[in-house]
Amino acid sequence: MPAEYTTFVGLYDTFMFWSIIVGAIVFVWMFYAVLRFRKGMVDESTLEKLEPGVFPKERENFKLEMAWFIIPAILIGYLCIVSWNSLYEDWGNSPSDDEAFVVEAIATQWNWEFKYTEPIIVEESSEGLLYPVNIGVSDGRIAISSGSAQVNLTVKWSNEPASGEFNITDGEGHVDTIIDLQEILEITVKDEEGNVVHEYTRYAAGTGESGQVYVPCGKEIKLKMTSERVGDADAVLHAFFLPEWAVKEDVVPNLETILYFTPQETGTYDVVCAEYCGMKHAYMTAQITVVSSNICGGEA
Amino acid sequence: MLLSKTRISGRAVFLLAIIGIALIATPQFTAEKGGIDSRADDGCYCHTASDATSVTIIGLPDSFNASTEYNLTISVVNDEIIGDANQGGFRLTVNQGTIVYDDAKIQTLDGGLTHTAEGNDQRSWDMVWTSPADDTKVVEFKVWGNAVNGDVSPQGDAFAGTSYDVAGVNAGPIQEVVESKRAMVVLLSVVLLVISLMTLAALYVFYLRNPDGFSMANFGQWLKGWMTTTDHKGVGLLYLNFGLLFFLVGGVLALLFRIQLAIPMNDFLTEQEYNSFFTLHGTTMVFLAAMPMIAGFANYIVPLQIGAQDLAFPRVNALGFWLLPPAAFMLFAGIFSGQAADITWVMYPPYSTSTGGADMSANAGTTLFVGGMILLGASSTLSGVNFITTFFTMRGHGVSWMKMPLFSWSILISMFMLFMSLPALIIGVLMMFLDRTIGSVFFATNVGDPILFQHLFWFFGHPEVYVVVIPAFGVVSEVLATSARRSIFGYKSMVYAMAGIGVVGFIVWGHHMLTSGMDPKLRFLMMAATMLVALPTGVKVFNWLATLLGGSLVMKTHTLWALGFLLTFTLGGISGMFFPVAGLDMHFHDTYFVVAHFHYVFVGGVVFGLFSAIYYWYPKWTGRLLNEKLGLLHFLTAFISYNAAFWPMHRLGIMGMPRRTHSYAVDSGYGDLNMTITIWAIIFGLSNLIMVVNMIYSQKKGQEAGPDPWGGWSIEWSTTSPPPTPSFAEIPIQKDANTEHHPDGFVTKLAKRFWAIGEKKGVKK
Chain G
1 MPAEYTTFVG LYDTFMFWSI IVGAIVFVWM FYAVLRFRKG MVDESTLEKL EPGVFPKERE
61 NFKLEMAWFI IPAILIGYLC IVSWNSLYED WGNSPSDDEA FVVEAIATQW NWEFKYTEPI
121 IVEESSEGLL YPVNIGVSDG RIAISSGSAQ VNLTVKWSNE PASGEFNITD GEGHVDTIID
181 LQEILEITVK DEEGNVVHEY TRYAAGTGES GQVYVPCGKE IKLKMTSERV GDADAVLHAF
241 FLPEWAVKED VVPNLETILY FTPQETGTYD VVCAEYCGMK HAYMTAQITV VSSNICGGEA
Chain D
1001 MLLSKTRISG RAVFLLAIIG IALIATPQFT AEKGGIDSRA DDGCYCHTAS DATSVTIIGL
1061 PDSFNASTEY NLTISVVNDE IIGDANQGGF RLTVNQGTIV YDDAKIQTLD GGLTHTAEGN
1121 DQRSWDMVWT SPADDTKVVE FKVWGNAVNG DVSPQGDAFA GTSYDVAGVN AGPIQEVVES
1181 KRAMVVLLSV VLLVISLMTL AALYVFYLRN PDGFSMANFG QWLKGWMTTT DHKGVGLLYL
1241 NFGLLFFLVG GVLALLFRIQ LAIPMNDFLT EQEYNSFFTL HGTTMVFLAA MPMIAGFANY
1301 IVPLQIGAQD LAFPRVNALG FWLLPPAAFM LFAGIFSGQA ADITWVMYPP YSTSTGGADM
1361 SANAGTTLFV GGMILLGASS TLSGVNFITT FFTMRGHGVS WMKMPLFSWS ILISMFMLFM
1421 SLPALIIGVL MMFLDRTIGS VFFATNVGDP ILFQHLFWFF GHPEVYVVVI PAFGVVSEVL
1481 ATSARRSIFG YKSMVYAMAG IGVVGFIVWG HHMLTSGMDP KLRFLMMAAT MLVALPTGVK
1541 VFNWLATLLG GSLVMKTHTL WALGFLLTFT LGGISGMFFP VAGLDMHFHD TYFVVAHFHY
1601 VFVGGVVFGL FSAIYYWYPK WTGRLLNEKL GLLHFLTAFI SYNAAFWPMH RLGIMGMPRR
1661 THSYAVDSGY GDLNMTITIW AIIFGLSNLI MVVNMIYSQK KGQEAGPDPW GGWSIEWSTT
1721 SPPPTPSFAE IPIQKDANTE HHPDGFVTKL AKRFWAIGEK KGVKK
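Those protein sequence lines, which keep their order, are chains G and D.
Take 1 as the starting number for the first sequence in my numbering and just add one per residue.
Take 1001 as the starting number for the second sequence in my numbering and just add one per residue.
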């Protein structure tokens, strides 16, 4: 079931409301007619005579027939107007690359690969951690401070091809090193017993992973999707489908399709392929994680 | 005379030669894994098998621990054959775990490991096998080793093979593996069984007709009569039986993959089988079951209803039917090699035209499948020409356009739509066939346009939906009016509504492609047009309801089915309104909501309409009524189980379960609903057998029907049941109960004046 804040849910409720009304009219009418006008309840001699080979007397009522043409037409006109907005929102309001957080999605048989076009930082402290761990990365320095001076922490970092390790003893520590911001920077903070207390990953523009993508919460996400071939097989159609956000768009070889959405809740959601793409179509899945940003809170 | 005969046969030989060459050039021959040149699982055929060689894997544990590394050595021993430089080779397949090896000596090929050119100089090879994480599995190692005598030719070499089963520590004792038959084999057996049963049934039916005069020679004659008939009633019954048979086939396919879907992560069917089965299920149900059934009713009933002796081109009609069995065979042919078409019934390229990538490309059976679609198109085109001509030229006296029974009108409109939309499909599948066989690039990704095919297919595909459902409208109009002992309410608006659906149906195809990457401006047009379809459909529903008011409804089985149609079709129609809307379609497209919707209109609409038609017109074919008690039982079981099976699919769609998935995750929450669906689907499938039993039983034992058992008014009820051949001794006259004079309207006056229409077929007062 898609999230409450999507346009889908609002529209779905409107359509369900009118569906139930229309359905109720038809069914009540039908059951009434079937029960009230059964054989034996009406004098058949008053009805038109049906004889083989004779076209029976016609029955019509122009006003009635126009009524059940025009009233549904009004309803349909109303529904068209209601849905016009979603048409614009979902397909006609594509943000520019500058406004949105742009992710390139490359669909292959049977994998989703993602590439960031701007850096994103994913940070997570282990559950129940009693003191905060803050990581500051600036040109040439990784600085770490923890909220408690009593604990000794070990910091491991890697930034291909460089990597290193240093300790924090009095609540603060840093290392001076040249950081290549074109590469992924990973920092792991461990306590004295070797448990991971905090993890930090900065995905640089141009990097990415297969089957997993992080996006910021509260910001418009723009997916630019292409389909690529693997081996000798031709590239095929796929469709990016994220049930939680109720969005879907085909991925077409030789064409860049676009999907955009503004997530308002953090969490990890499944992405599936909705356009049949061959043998392992059902297992072509990925995960999208919405990480909290200053625009939108959430529990993370 | 002789000359012309020779010329024709010369041409035939020429054509056959072309077909032969085309077949040789067809990629069909590389269908088997690895091509016809390699026997991937038997070792290399170019060497000679020999007992003198022994091959062993050294270092295999008796039982493995999870995710542990084992050093393995494959060793080939043969003291008789000694080579110098080239000494030996091997091939190893392991079904689980991963293997790390030295790239210089060993390579991966055809799903297994083998030596490289450099690794040919030795008789033992080292590698590291990492066992799978699941230590309850049994891993199978198959190895072949070859002792080479060192000369370049394969002669004098000797190979041997062996296999090992290594169980995980928690696997329990290794059990003797019983070779289980794959579902494909089961299905094939079912097909063969059905064919034998049909032959037996035909024999039995023939025997019953005249037990004393039974002989095989007479049986041959009788069979020949059926196979060469051009009478519209004979061809109609052939169509009906063909359609019913393929309902069974399509139904069995559906139950097979419903079993696969019943529990999460099931492996009852492999992915290949699942994909092929739902492809064949869709194509079978639409093209081999529903369409032939409709063609059957059209053939049998329409000439009787409009007072024609037969169809305009009886031989073309028979040809149209006899194109179906070879087409069906072509569609299913891939199953016989385990490479059945797996391209879904919509056949979207580039997957369906992709050939080079083994498992990543469409199965080889696709080529013949697409060929079968071309044949189906040819068959339907012939029917279209035939029916349209019949309607325009062969109506009886008094059967003017606006005095034609609604079933005939529905067939006319549906045939028109079919005839107008088919070229798009035929062009599309022809281009696809060329892409697959001679390497054209209409839909190839680098130069062609895959979305073009979607447009072609849906320009046909959407009208096709109405092609099958409009005849059901016709049936229900006839059945409800007759059962309520009344004339239909708003006859004229019914005709206009059907024609309206026929026109609007051609401009809505894009709603199948709203998320295909099509231009958003087009999407709005398609959305608005699609919503318009609801208007004429609504008029029809309300007219049916108005027909019931004030009537005297007789509850026969066909009435129940028509009322059931009204219920389910309304639900299906309402759920159809959700799709053209952007915000809803973004979610619903290609989910189970779509599956639910089109089964509500296809089964609840078309099939229920056809069931109603079977109960309604069965007395006309056989002269006997179907058993009402069995009919009621059939209606109750089938109607309830049908709704119980398909209604939950809406919920699955809202939850986000996509269509065409082989399985789904355990924690997805789809499991319970899928299990429910499967159980009810099986009940639905079985319940329809009641109707088959009823049809067989009533043919002999049913109550005598007489010419007009239900009190219908159209001309077919004025002739005997079954009607004689030719159907009318002289062209019948349809009278008209509307005595009051209708002054001609403006358009009619103009038409009469300039085109003299209306006078020729003018109503005799």
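Hints listed in this document are in silico derivations from the structure and should not be mistaken for laboratory results.
Since we're looking at a predicted model, the values are computed, not measured.
Certain hints may be false.
Stated by the list, open to error - Negatives, chain G to chain D, calculated, CB over 12 Å: (1) Ser19; (2) Glu44; (3) Asn85; (4) Thr177; (5) Ser227; (6) Pro243.
Unchecked claim - Below, computed lysine to any residue pairings styled on SDA-like, alpha-carbon distance capped at 25 Å: (7) D/Lys1521 x G/Gly10; (8) G/Lys219 x D/Gly1517; (9) D/Lys1224 x D/Gly1251.
All C-beta atoms in this analysis are idealised placements derived from N, C-alpha and C, irrespective of residue type, glycine included.
Worksheet item: Against the structure shown, which of the earlier numbered hints fail to hold, in ascending order?
Response: 1, 2, 3, 5, 6, 9
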